[in-house]
Amino acid sequence: MITKKLGCLAALLASAVLMLGGCDAVWNSPYPADERDKLFLHEEFNSRPKHFDPVQSYVEDEAWFTYSIYETLFEFHYLKRPFELQPGLAAAMPKVSYLDKQGQPLPADAPAAQIAQSVYEIPLKAGVRFQPHPALARDGAGRLRYEGLDDAKLGGRTQITDFEFTGTRELVSEDFAYGIKRIARPKLESPSLELFKQILGFDELIAQLEADVKAGKADPDGWIDLRKYPLAGVETPDPHTLRIRLKGKYPQFIYWLAMPFSAPMPWEAEKFYAQPGMAKRELTLDMWPIGTGPFMLTRNRPLREILMERNPNFREQTYPCEGAPGDKERGLLDDCGKRLPMIDGVKFVYEKEATPFWNKFLQGYYDFYASTRFKTMASFDTALQMQGGGLSLSDAMKKQGIALKTEIEPATEYFFVNMLDPLIGDGGVTPKARERARKVRQAMAIAFDMEEYLSIMKNGLGIPMQGPIPPGIAGYKTGEAGINPYAFTWKNGRPKLRSIDEAKRLLAEAGYPNGRDVDTGEPLVINLDVYDVFKREQLEIVIKQMKRIDIQLVPRLTEWNRWQEMHRKGAAQLSFWGWNADYPDPENFLFLFYSKNSKAKFQGENVTNYNNPEFDKLFEQFRGMDVTADRQPIIDKMADLVRRDAPVLAGWHNEAFELSHSWLRNSMPVRMLHTNRKYLSLDVAKRNALSAQWNRPQLWPLVLVLAAIAALAALGVRHYRRHETQTARSEAAQ
Amino acid sequence: MIAYLIRRLLWALPTLLGVNLLVFALFFVVSSPDDMARAQLGAKRVTQEAIERWKADHGYDKPLFYNDNAQGSKQFTDTIFVQKSARMFLLDFGKSDLGRDINHELYARMWPSLALALPVFIVGLFVAIVAAMVLAFFRGTWLDYSGVIACVVLMSISSLFYIIAGQFIVARTWNLVPISGYEGGLDSIRFLALPVLVGVIAGLGSNVRWYRAIFLEEIGKDYVRTARAKGLSEGAVLFRHVLKNAMIPILTGTVVVIPSLFLGSLISESFFGIPGLGSFTIEAILMQDFAIVRAMVFIGALLYILGLILTDLSYTLVDPRVRLQ
Numbered sequence: 000m001i002t003k004k005l006g007c008l009a010a011l012l013a014s015a016v017l018m019l020g021g022c023d024a025v026w027n028s029p030y031p032a033d034e035r036d037k038l039f040l041h042e043e044f045n046s047r048p049k050h051f052d053p054v055q056s057y058v059e060d061e062a063w064f065t066y067s068i069y070e071t072l073f074e075f076h077y078l079k080r081p082f083e084l085q086p087g088l089a090a091a092m093p094k095v096s097y098l099d100k101q102g103q104p105l106p107a108d109a110p111a112a113q114i115a116q117s118v119y120e121i122p123l124k125a126g127v128r129f130q131p132h133p134a135l136a137r138d139g140a141g142r143l144r145y146e147g148l149d150d151a152k153l154g155g156r157t158q159i160t161d162f163e164f165t166g167t168r169e170l171v172s173e174d175f176a177y178g179i180k181r182i183a184r185p186k187l188e189s190p191s192l193e194l195f196k197q198i199l200g201f202d203e204l205i206a207q208l209e210a211d212v213k214a215g216k217a218d219p220d221g222w223i224d225l226r227k228y229p230l231a232g233v234e235t236p237d238p239h240t241l242r243i244r245l246k247g248k249y250p251q252f253i254y255w256l257a258m259p260f261s262a263p264m265p266w267e268a269e270k271f272y273a274q275p276g277m278a279k280r281e282l283t284l285d286m287w288p289i290g291t292g293p294f295m296l297t298r299n300r301p302l303r304e305i306l307m308e309r310n311p312n313f314r315e316q317t318y319p320c321e322g323a324p325g326d327k328e329r330g331l332l333d334d335c336g337k338r339l340p341m342i343d344g345v346k347f348v349y350e351k352e353a354t355p356f357w358n359k360f361l362q363g364y365y366d367f368y369a370s371t372r373f374k375t376m377a378s379f380d381t382a383l384q385m386q387g388g389g390l391s392l393s394d395a396m397k398k399q400g401i402a403l404k405t406e407i408e409p410a411t412e413y414f415f416v417n418m419l420d421p422l423i424g425d426g427g428v429t430p431k432a433r434e435r436a437r438k439v440r441q442a443m444a445i446a447f448d449m450e451e452y453l454s455i456m457k458n459g460l461g462i463p464m465q466g467p468i469p470p471g472i473a474g475y476k477t478g479e480a481g482i483n484p485y486a487f488t489w490k491n492g493r494p495k496l497r498s499i500d501e502a503k504r505l506l507a508e509a510g511y512p513n514g515r516d517v518d519t520g521e522p523l524v525i526n527l528d529v530y531d532v533f534k535r536e537q538l539e540i541v542i543k544q545m546k547r548i549d550i551q552l553v554p555r556l557t558e559w560n561r562w563q564e565m566h567r568k569g570a571a572q573l574s575f576w577g578w579n580a581d582y583p584d585p586e587n588f589l590f591l592f593y594s595k596n597s598k599a600k601f602q603g604e605n606v607t608n609y610n611n612p613e614f615d616k617l618f619e620q621f622r623g624m625d626v627t628a629d630r631q632p633i634i635d636k637m638a639d640l641v642r643r644d645a646p647v648l649a650g651w652h653n654e655a656f657e658l659s660h661s662w663l664r665n666s667m668p669v670r671m672l673h674t675n676r677k678y679l680s681l682d683v684a685k686r687n688a689l690s691a692q693w694n695r696p697q698l699w700p701l702v703l704v705l706a707a708i709a710a711l712a713a714l715g716v717r718h719y720r721r722h723e724t725q726t727a728r729s730e731a732a733q
Numbered sequence: 000m001i002a003y004l005i006r007r008l009l010w011a012l013p014t015l016l017g018v019n020l021l022v023f024a025l026f027f028v029v030s031s032p033d034d035m036a037r038a039q040l041g042a043k044r045v046t047q048e049a050i051e052r053w054k055a056d057h058g059y060d061k062p063l064f065y066n067d068n069a070q071g072s073k074q075f076t077d078t079i080f081v082q083k084s085a086r087m088f089l090l091d092f093g094k095s096d097l098g099r100d101i102n103h104e105l106y107a108r109m110w111p112s113l114a115l116a117l118p119v120f121i122v123g124l125f126v127a128i129v130a131a132m133v134l135a136f137f138r139g140t141w142l143d144y145s146g147v148i149a150c151v152v153l154m155s156i157s158s159l160f161y162i163i164a165g166q167f168i169v170a171r172t173w174n175l176v177p178i179s180g181y182e183g184g185l186d187s188i189r190f191l192a193l194p195v196l197v198g199v200i201a202g203l204g205s206n207v208r209w210y211r212a213i214f215l216e217e218i219g220k221d222y223v224r225t226a227r228a229k230g231l232s233e234g235a236v237l238f239r240h241v242l243k244n245a246m247i248p249i250l251t252g253t254v255v256v257i258p259s260l261f262l263g264s265l266i267s268e269s270f271f272g273i274p275g276l277g278s279f280t281i282e283a284i285l286m287q288d289f290a291i292v293r294a295m296v297f298i299g300a301l302l303y304i305l306g307l308i309l310t311d312l313s314y315t316l317v318d319p320r321v322r323l324q
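Chains A and B are the protein sequences, given in the same order. Following numbering that gives the first Met the number 0, the numbering of the first sequence begins with 0 at its first residue and continues without gaps. Following numbering that gives the first Met the number 0, the numbering of the second sequence begins with 0 at its first residue and continues without gaps.
Everything labelled a hint here was simulated from the structure, so no lab data went into it. Do not take every clue at face value.
[Unchecked claim] Lysine-lysine pairs mimicking DSS-like chemistry, simulated, CA-CA at most 27 Å apart: (1) B:Lys54 - A:Lys600; (2) B:Lys54 - A:Lys216; (3) B:Lys229 - A:Lys279; (4) B:Lys54 - A:Lys279; (5) A:Lys216 - A:Lys227; (6) A:Lys186 - B:Lys229; (7) B:Lys229 - A:Lys216; (8) B:Lys94 - A:Lys568; (9) A:Lys270 - B:Lys61; (10) B:Lys243 - A:Lys186; (11) A:Lys186 - B:Lys54; (12) A:Lys216 - B:Lys61; (13) A:Lys503 - A:Lys404; (14) B:Lys94 - A:Lys152; (15) A:Lys196 - B:Lys54; (16) A:Lys476 - A:Lys636; (17) A:Lys327 - A:Lys152; (18) B:Lys73 - A:Lys213; (19) B:Lys94 - A:Lys213; (20) B:Lys54 - A:Lys213; (21) B:Lys54 - A:Lys568; (22) A:Lys546 - A:Lys534; (23) B:Lys61 - A:Lys213; (24) B:Lys243 - A:Lys279; (25) A:Lys616 - A:Lys636; (26) A:Lys490 - A:Lys616; (27) B:Lys94 - B:Lys61.
[Stated by the list, open to error] A few chain A residues facing chain B, derived, Cβ under 8 Å: (28) Arg47; (29) Glu193; (30) Lys279; (31) Asp625.
Beta carbons: idealized from backbone N, C-alpha and C, even for Gly.
Modelling step: build the complete structure from the supplied sequences, incorporating the hints.
If you want it as structure tokens, here you go:
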């Protein structure tokens, strides 16, 4: 009887399951049904953004958000390469004039040494409005609606959307001044502080703020009305004009005006968030930014989801109609003239691990996969293949309509020598010793085979570094003219490493024939100082490569903090580093070799501690040149010095790739362009149709499991009964 | 019993202090306040001046355990250890190194962690007990042998494998539930079904084997023979007598983990995208946020002590012979 009942129950459940399957529903969608038809781009984030405050945010994980919410005076053209600045909130490119020490005007081509002040006159676009925000909400009498809040009045509000009223107002030049002054607030610890000290009067502002905080005149945790604090270098002659005065000449400053550090900030927002009870509820500018950008943050659940929705007040901006050669053929100009943004929002879902992310991408629940986001790709071999030196899609990917886009990143990763080292650096006591070391470095530069390294460790995704400037940056040279002639030759239309024999010859000239010191007979042993994420295979490759020229490479693995400390103290010998550009200008790569940026001496970014007066002189001359000037000859000279002296032995530029679904348009794997979301377009109907097709629930496993449970239960019951009766019969027989 | 409880709670204080001390020592062996400042301020363009300011703002500019420059008791109290630890005993965890309120975060993340851990615990316990009872009932048969083999196989597989295989088979191939993610309310069932299933299966092997051994031990005792001699059915013997008496060792292993359920699971939450305390802790470790790491270890220790006390109390409930003195 029980067995029969169990069978009936199983049949009932199985029918119910099959009936459910008859509904044409997707069961595994991670998104709510009411968002199904919204033009939301689906993206992941795999670490919690630390800062959305524009003066604090500096890392890439935050840039995806901040560049979509805040707008800056200037921004990079989406399609043109090399990267080109264009006006953003500015109405035109700035008019730059120069003054001497006496405040007298200087001609545009005046030598940098004579320039005491650079004046940037920036006209602003009129009619730009901030996103709707409760901080800007005013009542009928014009008073701020959310003034005088406290813990009790805030109640259960934890999201910015919990405030029922919002308001907006026009952007004025004073908002830029306020935003820039915030950089000086000690509490905010802005990473751009040192840089903005180039603005006239900035040091004085910092000192004044610190003094007021110390004297108790200003609350470091509360609202400091920065409108009352003067900053000589930032003037607002009228609501639509901004004037910035810099000390001396620094043409690259304009790139910093394309970063959120200099984004406008309404004073009302700071005042709003400084009210009691706000920080406790995580209602802060760091969590809920306010800007004029194409999107605004409407949901912020850290480690869960972040939603940016279209800013209804976004100014009129259209998709570009001109781009780089080939963009038209690639369909990148198809949306020419369309109003931006073309999507309703971007939904970021927290995805810590690469495997679930990849599976969800294949299900159509993420719109694209970017190699720059997850360091390791879960299924590289099933998705991509290297054919004829290039990357191509596997048949499975093509069948899903997935597109592949690649681009060499404007960034470098490199093996370098600490030039303070006496053995292989420039730290030898005699010129002869230094010359020997240089030859050792040149020999090693030949032996480091980055092509082999990339093919083993990075699936061939990258190109060997030929000089300090990466592709995509002004000053980078292609072809034979761009190779490092000390380590490469040009053969069959491509760079080829010089022979190992040449490297051995250089080593012999340096006094190490067959890798042994000609005087002592001791082997040449070099320490490779790397941190613990370096894989064993990576080390084995470079050890093997150095063995080819009889150099013994000894890896010294340490953890990240100690490794950084080692570099700060200049204690490393041979090591590894990487550099992502702050802005796409050669200055941002060449300054890595300027002696006054030495890591060990000045805590700068010159980790090699390279110190060549000739290079320094050229760099100082170069730094004073306008970004629009012909800088190629001087760049070539500096690049040649770096190649000859070989503080960097070898390295590569990563090839970024992006896999995107057929419903996503205009996307590109460009790391430098964080403003890209407003240019993307989506075909949601196609996304829904395809993902429904790919995600039909398979119900037979459920039926099978239910049937198996029922069968097991029935067997068990039967066995139990037999067991009970068997015992009785056996006893009866006795 | 009250005296016993008070004594146990008082013992908890030095234990917690010791745990805190150990965490401090271990953390600062690998990470100095300078390193912490760098981790928070970013790797680029960080000046020593900014680092010093960060340390002063966050209270890391003092000596770790002993302040040479202070006088009297301040030599001990004006240190990072005391300044950062004292408030924790009042369950005020202050702000994270990033400046966010830890208590607020703990409260918000506790619920998703519980939503995953509680069903895994209850369903896992129920399934394991039932399965162990069945194996004990069929002891010595092919079902028992194959059950034990299955348990050993289940025990031998890494929990990470269950997660990846579960996501691939159930969510990716059969498309029955989302691979990862989280929503509140009733919708959470869709997101929690797979992690709960994986959690239950991952813990099944060891639990079933252990409970089976307990049941078998009980089955061999005299009172069971007496029960059978009374003419009770095997089912009644197992469920009414054996299960009751086997509860003490089962309780030892289960009640102790109940408070820790709040802490969540590090791996599961990370893979299934559940915004609980497990993923919160992992993120804090990666970001070198000492304030959060310290708070989580403190809470972990506190809950563990609480679990041990609860275990002792539960003995008195299931075995009237046990008295707490």
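Now for the hints, and whether the structure bears them out:
1. Straight-line distance between C-alpha atoms of Lys54 (chain B) and Lys600 (chain A) comes to about 22 Å, which keeps the hinted pair within the 27 Å bound.
2. At roughly 23 Å between alpha-carbon atoms, Lys54 (chain B) and Lys216 (chain A) fall within 27 Å of each other, so this suggested pair holds.
3. Proposed proximity of Lys229 (chain B) and Lys279 (chain A) is contradicted: the alpha carbons are some 66 Å apart, above 27 Å.
4. Taken as a hint, the Lys54 (chain B) and Lys279 (chain A) pair is honoured in the structure, with Cα atoms around 22 Å apart against an allowance of 27 Å.
5. About 13 Å separates the Cα atoms of Lys216 (chain A) and Lys227 (chain A), which keeps this hinted pair within 27 Å; it holds.
6. The suggested pairing of Lys186 (chain A) with Lys229 (chain B) is violated, with an alpha-carbon distance near 79 Å, which exceeds 27 Å.
7. Simply put, Lys229 (chain B) and Lys216 (chain A) have alpha-carbon atoms about 88 Å apart, too far for the 27 Å limit, and the pair is violated.
8. With a C-alpha separation of about 32 Å, the suggested pair Lys94 (chain B) and Lys568 (chain A) falls outside the 27 Å cut-off, and the hint is violated.
9. Proposed proximity of Lys270 (chain A) and Lys61 (chain B) is contradicted: the alpha carbons are some 32 Å apart, above 27 Å.
10. For the given pair, Lys243 (chain B) sits about 61 Å from Lys186 (chain A) by alpha-carbon distance, which is inconsistent with the 27 Å threshold.
11. Among the hinted pairs, Lys186 (chain A) with Lys54 (chain B) is consistent with the structure: their alpha-carbon atoms are about 11 Å apart, no more than 27 Å.
12. Distance check on the hinted pair: Lys216 (chain A) and Lys61 (chain B) sit about 26 Å apart at the alpha-carbon level, within 27 Å; holds.
13. This hinted pair does not check out: Lys503 (chain A) and Lys404 (chain A) have alpha carbons roughly 41 Å apart, beyond 27 Å.
14. For the proposed pair Lys94 (chain B) and Lys152 (chain A), the alpha carbon gap of about 22 Å is at most 27 Å, so the pair holds.
15. Distance check on the hinted pair: Lys196 (chain A) and Lys54 (chain B) sit about 22 Å apart at the alpha-carbon level, within 27 Å; holds.
16. Between the alpha carbons of Lys476 (chain A) and Lys636 (chain A) the distance comes to roughly 13 Å, so the proposed pair stays at or under 27 Å and holds.
17. For the hint pairing Lys327 (chain A) with Lys152 (chain A), the CA-to-CA distance comes to about 56 Å; that exceeds 27 Å, so the pair is violated.
18. Between Lys73 (chain B) and Lys213 (chain A), the direct Cα distance comes to roughly 23 Å. Compliance with the 27 Å bound is thereby established for this hinted pair.
19. For the hint linking Lys94 (chain B) to Lys213 (chain A), the alpha-carbon distance of about 22 Å falls within 27 Å, and the restraint holds.
20. The straight-line distance between the Cα atoms of Lys54 (chain B) and Lys213 (chain A) is roughly 17 Å, inside the 27 Å bound, and the hint therefore holds.
21. A C-alpha spacing of about 21 Å is found between Lys54 (chain B) and Lys568 (chain A), which places the hinted pair at or below 27 Å, so the restraint holds.
22. Restraint check for Lys546 (chain A) and Lys534 (chain A): the C-alpha separation of about 19 Å stays at or below 27 Å, so the hint holds.
23. Taken as a hint, the Lys61 (chain B) and Lys213 (chain A) pair is honoured in the structure, with Cα atoms around 19 Å apart against an allowance of 27 Å.
24. Under the criterion of a C-alpha separation no larger than 27 Å, the hint pairing Lys243 (chain B) with Lys279 (chain A) is inconsistent with the structure, at around 48 Å.
25. Of the pairs offered as hints, the one joining Lys616 (chain A) and Lys636 (chain A) holds, with about 11 Å between alpha carbons and a cut-off of 27 Å not exceeded.
26. Proximity of Lys490 (chain A) to Lys616 (chain A) is assessed by CA-CA distance (about 34 Å); at most 27 Å being required, the pair is judged violated.
27. Distance check on the hinted pair: Lys94 (chain B) and Lys61 (chain B) sit about 18 Å apart at the alpha-carbon level, within 27 Å; holds.
28. Using the Cβ-Cβ criterion of 8 Å, the hint placing Arg47 (chain A) at the interface with chain B is satisfied: the shortest such distance is roughly 5 Å.
29. A hinted interface residue such as Glu193 (chain A) counts as satisfied when its beta carbon comes closer than 8 Å to some beta carbon of chain B; here the least separation is about 6 Å, so the hint holds.
30. The interface hint given for Lys279 (chain A) is met, as the beta carbon of that residue sits about 5 Å from the closest beta carbon of chain B, less than 8 Å.
31. Below 8 Å, beta-carbon pairs count as interface contacts, and Asp625 (chain A) has none with chain B, the closest being about 24 Å; its hint is therefore violated.
The earlier numbered hints that this structure contradicts are 3, 6, 7, 8, 9, 10, 13, 17, 24, 26 and 31.
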